[in-house]
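First to last, the protein sequences are chains A and B.
When we follow this note's numbering, the leftmost residue of the first sequence carries the number 40, and every step to the right adds one.
When we follow this note's numbering, the leftmost residue of the second sequence carries the number 2, and every step to the right adds one.
Source of the hints: derived by calculation from the structure; they are not laboratory data.
Quick caveat: nothing in here was measured; it's all calculated off a predicted structure.
Among the hints, a few may not be true.
Unchecked claim - Counterexamples of contact, computed for chain B against chain A with all Cβ distances above 12 Å:
| id | residue |
| --- | --- |
| 1 | L22 |
| 2 | E54 |
| 3 | T75 |
| 4 | T138 |
| 5 | Q221 |
To be verified - Not the full set, but computed from the structure, chain A residues with beta-carbon under 10 Å of chain B:
| id | residue |
| --- | --- |
| 6 | V43 |
| 7 | F47 |
| 8 | I56 |
| 9 | L87 |
| 10 | L110 |
| 11 | L112 |
| 12 | D115 |
| 13 | A118 |
| 14 | I122 |
Cβ atoms here follow ideal geometry from the backbone N, Cα and C, with glycine treated the same way.
Chain by chain, the residues:
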Amino acid sequence: MSRVKIAFFLLLVILLISVLGCVAVDRITVQMNSYLSVAQKQNQSGDLPALVQTLTDLEQYYQSREWLLSLFLRRDYAAAAEIALAPLRSYALDGQKTDCAAALRTARAQVNAVRHVFLCFF
Amino acid sequence: MMILILRTLLIYVMIIAAMRLMGKRQIGELQPSELVSTILLSNLASIPIESPEIPLLSSILPIFLIVCLEILVTALYTRSHRLASMVSGYPKIIVRSGVIDQQILRELRFTVDDLLASLRAKDIFRLEEVDLALVETNGSVSVFTAQSSDGAKSASDKKEAKRPTLPLIIDGCISRDAATYCGVDPGWLKGILRKERVGQQDILLMLCSDDKEYTIIKKQ
């Protein structure tokens, strides 16, 4: 009977961790997408200082949450998102609007791919 | 490389803990659900060892989920014989008084070679020695030989010789195979239950032999 109680307890813990993981990945990717949306608008309007600030905030946000993502995501997916974010500030600082726009779209697609892999059943 | 060693150690300790939690059932002969969970556990355990890019939680959670499900399902078996039969099946009589039941053999996809090999493994080299043989739910064959009712030389000895019993009622459910083996019909059974003043649902186990000797164990 004690094994059954342990099993129930473990099951609850597993469900809790799974739900927390889904909520965490969902919130992090939604937040990253919102940073990227703001960055896209700023890039289109040519507001370079605000764009650089947004991308700096995005980088800092990602670095602060990376440990959480690495608990739940495959390293290669998490790394791909990081690689997609890497060149953004450089493009923004150099004022390369077209390249920055393309890189922002790539980053967004990568974040959406992470969401899809982790949160979708099929 | 050090990370790989540490992950392997952690997974190893975890699997031992998982096996310990599941208990001796898992290490002995396996029922179908136990075999499935053992296979899944071994596959899941190897994934984080082989693939360092996969987070440990991706293996730890499914491993313990399977352990929990296995424990809860086996706990449910004790409460519902119907569920246990649905998942694990039930034993089938394959030989009776030296005669093979060929239909059961076909149903089980058991060849005669398999059957003879199982008998030989129990040091039985003559089919006529087999009084009763059952294929259990874990695929093993249990045999009651004519020699088990042994030393029976005179007719009176043979009468007193013990006959194998099968579970006629388990947890309130009647086993049709056992009823056929014992040669009992519903009318006889009703009469016995009336005589013993017990309802069918109140019976934990009723054992019966083919000479209609029975034992009833009531639920507590």
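Going down the list of hints, with the structure as the test:
1. L22: 6 Å, violated
2. E54: Violated, since 4 Å does not exceed 12 Å.
3. T75: 9 Å, violated
4. T138: Given a closest Cβ separation of 21 Å, the condition holds.
5. Q221: The assertion about B/Q221 holds, with a minimum of 16 Å to chain A.
6. V43: Where the cut-off is 10 Å and the nearest Cβ of chain B is about 5 Å from A/V43, the hint holds.
7. F47: With a closest approach of 7 Å, the A/F47 hint holds.
8. I56: 6 Å, holds
9. L87: 36 Å, violated
10. L110: 6 Å, holds
11. L112: 7 Å, holds
12. D115: This hint holds: A/D115 lies near chain B, its Cβ roughly 5 Å from the closest one there, short of 10 Å.
13. A118: 8 Å, holds
14. I122: With Cβ-Cβ at 14 Å, over 10 Å, it is violated.
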